[in-house]
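Protein chains: 2
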Amino acid sequence: MIEHLTIIKVGGKLVEEKESLQTLLRDFSRIAGNKILVHGGGSMATTIGEKLGVKPKMVEGRRITDEDTLQVVTMVYAGLVNKNLVSKLQALGTNALGLTGADLDIIRAKKRPVVDVDYGFVGDVVNVNNRMLRELLMNGAVPVIAPITHDGDGQLFNTNADTIASELAIALSSSYRVTLIYCFDKRGVLMDESDENSVIDEITMAEFEEMKSTGAVNGGMIPKLTTGFNAMKKGVDSVVVTNASALSGSKGGTNLVLFHEEEDE
Amino acid sequence: MIEHLTIIKVGGKLVEEKESLQTLLRDFSRIAGNKILVHGGGSMATTIGEKLGVKPKMVEGRRITDEDTLQVVTMVYAGLVNKNLVSKLQALGTNALGLTGADLDIIRAKKRPVVDVDYGFVGDVVNVNNRMLRELLMNGAVPVIAPITHDGDGQLFNTNADTIASELAIALSSSYRVTLIYCFDKRGVLMDESDENSVIDEITMAEFEEMKSTGAVNGGMIPKLTTGFNAMKKGVDSVVVTNASALSGSKGGTNLVLFHEEEDE
Chain A
1 MIEHLTIIKV
11 GGKLVEEKES
21 LQTLLRDFSR
31 IAGNKILVHG
41 GGSMATTIGE
51 KLGVKPKMVE
61 GRRITDEDTL
71 QVVTMVYAGL
81 VNKNLVSKLQ
91 ALGTNALGLT
101 GADLDIIRAK
111 KRPVVDVDYG
121 FVGDVVNVNN
131 RMLRELLMNG
141 AVPVIAPITH
151 DGDGQLFNTN
161 ADTIASELAI
171 ALSSSYRVTL
181 IYCFDKRGVL
191 MDESDENSVI
201 DEITMAEFEE
211 MKSTGAVNGG
221 MIPKLTTGFN
231 AMKKGVDSVV
241 VTNASALSGS
251 KGGTNLVLFH
261 EEEDE
Chain B
1 MIEHLTIIKV
11 GGKLVEEKES
21 LQTLLRDFSR
31 IAGNKILVHG
41 GGSMATTIGE
51 KLGVKPKMVE
61 GRRITDEDTL
71 QVVTMVYAGL
81 VNKNLVSKLQ
91 ALGTNALGLT
101 GADLDIIRAK
111 KRPVVDVDYG
121 FVGDVVNVNN
131 RMLRELLMNG
141 AVPVIAPITH
151 DGDGQLFNTN
161 ADTIASELAI
171 ALSSSYRVTL
181 IYCFDKRGVL
191 MDESDENSVI
201 DEITMAEFEE
211 MKSTGAVNGG
221 MIPKLTTGFN
231 AMKKGVDSVV
241 VTNASALSGS
251 KGGTNLVLFH
261 EEEDE
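Just so you know, the sequences run in chain order A and B.
Per UniProt numbering: the first sequence = residues 1 to 265.
Per UniProt numbering: the second sequence = residues 1 to 265.
Next up, chain A with everything else stripped away, as it sits in the complex (with noise of 0.2 Å):
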């Protein structure tokens, strides 16, 4: 029978904030089975860069990763947050073992290809060590991964804590049946923003593009929804978009699908 492995990707507050992140962590280490953490790092590597004197640069728009803003999110993700978050979950009793893609190769990534814009030490995922991270979790670790990834050359790379979460999901799907779960501070995708309640149970891509375009999802809800339903469309068995509070039941937040059940009766 093939195992079943979650897959929690947490970012902005819930890591920033004591409470809430022990909570997380809590629930997160009831999770029975494989499991796997991906974390961004929230508002601290901006803090701590602004602190360094090293200012968000931005081209067009866009943020980019110049090199000493590398060196802050390589310190501040894989340093700070990822050692706290290891340390914690060990008090917990699962064993964590904090990852770059660089440790045991386990995500290669390229510079992102300027098109309009240089992103700078911005990697696109190439490749997931499948084999080596069935082996880490067959031994029972618990892989918590930080958002930086390398290219085998010696380069390391920013790379998105969603995507990452999404590509992990997507690879992992051959060996396992994967729940990916997207924790962040509200319930879920909510029909209206201003109520917490009016949480979605699910949403299907042209439903996305829909809340897309009238401006009813925003901000960091869509990068999670548009790499979590590229997950859905290759292979992943279950994507919900949640707070940390559903991790501790069973139900709660919003599932992608890629179409409602009644469509197909």
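Warning: the hint list may mix true and false statements.
Chain A side only, calculated, beta carbon under 10 Å to chain B, not exhaustive [as the list claims (entries may be wrong)]: (1) Val76; (2) Lys88; (3) Ala96; (4) Leu99; (5) Gly101; (6) Asn139; (7) Ala141; (8) Asp151; (9) Gly154; (10) Leu258; (11) Phe259.
Per label pair, the in silico range of CB-to-CB distance [claimed, not checked]: (12) A:Asp237 to B:Lys110: 41 to 47 Å; (13) A:Asp116 to B:Arg177: 55 to 61 Å; (14) A:Glu209 to B:Glu135: 45 to 51 Å; (15) B:Gly219 to A:Leu52: 56 to 62 Å; (16) A:Lys51 to B:Ser198: 41 to 47 Å; (17) A:Glu17 to B:Lys234: 40 to 46 Å; (18) B:Lys234 to A:Glu196: 55 to 61 Å; (19) B:Glu17 to A:Gly140: 35 to 41 Å; (20) B:Arg26 to A:Asn127: 23 to 29 Å; (21) B:Arg26 to A:Thr226: 52 to 58 Å; (22) A:Gly140 to B:Lys111: 47 to 53 Å.
Since the hints were derived computationally from the structure, they do not count as laboratory data.
Think of the CB as a built atom: it goes at the ideal place given N, C-alpha and C, for glycine as much as any other residue.
Here the structure of chain A is known, so what remains is to put chain B in place on it, guided by the hints.
This is chain B only, laid out in the frame that chain A set:
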């Protein structure tokens, strides 16, 4: 037959200067068989700490690790330095895996007891996870270890990299024939500090104590020799103090010995 394991400790200028680092990593990548790299952070933690407004805290002449300093060393050692080493080793075909003591719970420490000085978040090693390190080595991974440990209750610690190298060597000497090499910027222990060619081939504990009392060895050499002799006494096969270029050959440097061969006649 008992397998061989080479543990290399590097630090200081070696990891800071691009050229010496590249030579070191190339030589390290050529070492056959089981190997572990333990690194310090050189002066980078101080430089970055100062930029962040974190001043080195001294109490009675001793450097202490307060909470801000712990954050800085976690960022710099486990993030910036560690991941750069890992990605560069991957480029050289070495399957590097960056670790702190918290990852897979490989090195537990406890807060250094307050006697005269409260060192803050400085951890003394209490346990090395021999089984886990053996599993990693058997699977062909090359651990690259940052000098950060944890207590198993969610607290990270700053731990001296020379001590980590020595404790790893001692713990793993029950499973491997261990060679421990402290790499620094001199060819070995020098009879005359101003003469790079006055390398002492062998040094005993008594000779070290004598040289310490006359000031003939000082600074960073003292913890290397102290932790090195501790390793020798506790069953480590061979301990050498040398520079990086010695890694490519089998000769060079100063060997720590419990007694000179001729004394044994």
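Taking the hints in turn, this is what the structure says about them:
1. Evaluation of the A:Val76 hint against chain B yields a held restraint, the C-beta minimum of about 6 Å falling below 10 Å.
2. A hinted interface residue such as A:Lys88 counts as satisfied when its beta carbon comes closer than 10 Å to some beta carbon of chain B; here the least separation is about 5 Å, so the hint holds.
3. The beta carbon of A:Ala96 is positioned within 10 Å of a beta carbon in chain B (closest approach about 7 Å), and the interface hint is therefore held.
4. The interface hint given for A:Leu99 holds, since its Cβ lies 8 Å from the closest Cβ of chain B, which is under the 10 Å cut-off.
5. Proximity of A:Gly101 to chain B holds as hinted, the smallest CB-CB distance being about 9 Å (cut-off 10 Å).
6. For the restraint placing A:Asn139 at the interface with chain B, the shortest Cβ-Cβ distance is roughly 7 Å, inside the 10 Å limit, so the hint holds.
7. A least Cβ separation of about 6 Å between A:Ala141 and chain B falls short of the 10 Å threshold, and the interface hint therefore holds.
8. Contact between A:Asp151 and chain B, as hinted, is supported at the beta carbon level, the nearest pair being about 8 Å apart and thus within 10 Å.
9. With a cut of 10 Å, the hint placing A:Gly154 at the interface with chain B holds, because the nearest CB-to-CB distance is about 4 Å.
10. This hint is violated: A:Leu258 has a C-beta 37 Å from the nearest C-beta of chain B, more than the 10 Å allowed.
11. About 42 Å separates the beta-carbon of A:Phe259 from the nearest beta-carbon of chain B, more than 10 Å, and the hint is not met.
12. Distance hint check: the CB atoms of A:Asp237 and B:Lys110 are about 43 Å apart, consistent with the given range 41 to 47 Å.
13. Between A:Asp116 and B:Arg177 the Cβ separation comes to about 58 Å, which falls inside the hinted range of 55 to 61 Å.
14. The beta-carbon spacing between A:Glu209 and B:Glu135, approximately 47 Å, falls within the hinted interval of 45 to 51 Å.
15. Separation of B:Gly219 from A:Leu52 is about 29 Å and departs from the stated range, judged on CB atoms against 56 to 62 Å.
16. The supplied range of 41 to 47 Å is met by A:Lys51 and B:Ser198, whose beta-carbon atoms lie about 46 Å from each other.
17. At about 45 Å, the beta-carbon gap between A:Glu17 and B:Lys234 stays in the expected band of 40 to 46 Å.
18. In this structure the hint that B:Lys234 and A:Glu196 lie 55 to 61 Å apart at CB holds, the actual value being about 59 Å.
19. For the hinted restraint 35 to 41 Å between B:Glu17 and A:Gly140, the CB-CB distance of approximately 40 Å keeps it satisfied.
20. Judged by the Cβ atoms, the range 23 to 29 Å given for B:Arg26 and A:Asn127 holds: they are separated by roughly 25 Å.
21. Take B:Arg26 and A:Thr226: their Cβ atoms lie about 42 Å apart, and the range 52 to 58 Å is violated.
22. Look at A:Gly140 against B:Lys111: about 28 Å separates their beta carbons, and that is not inside 47 to 53 Å.
Violated hints for the displayed structure, listed by number in ascending order: 10, 11, 15, 21 and 22.
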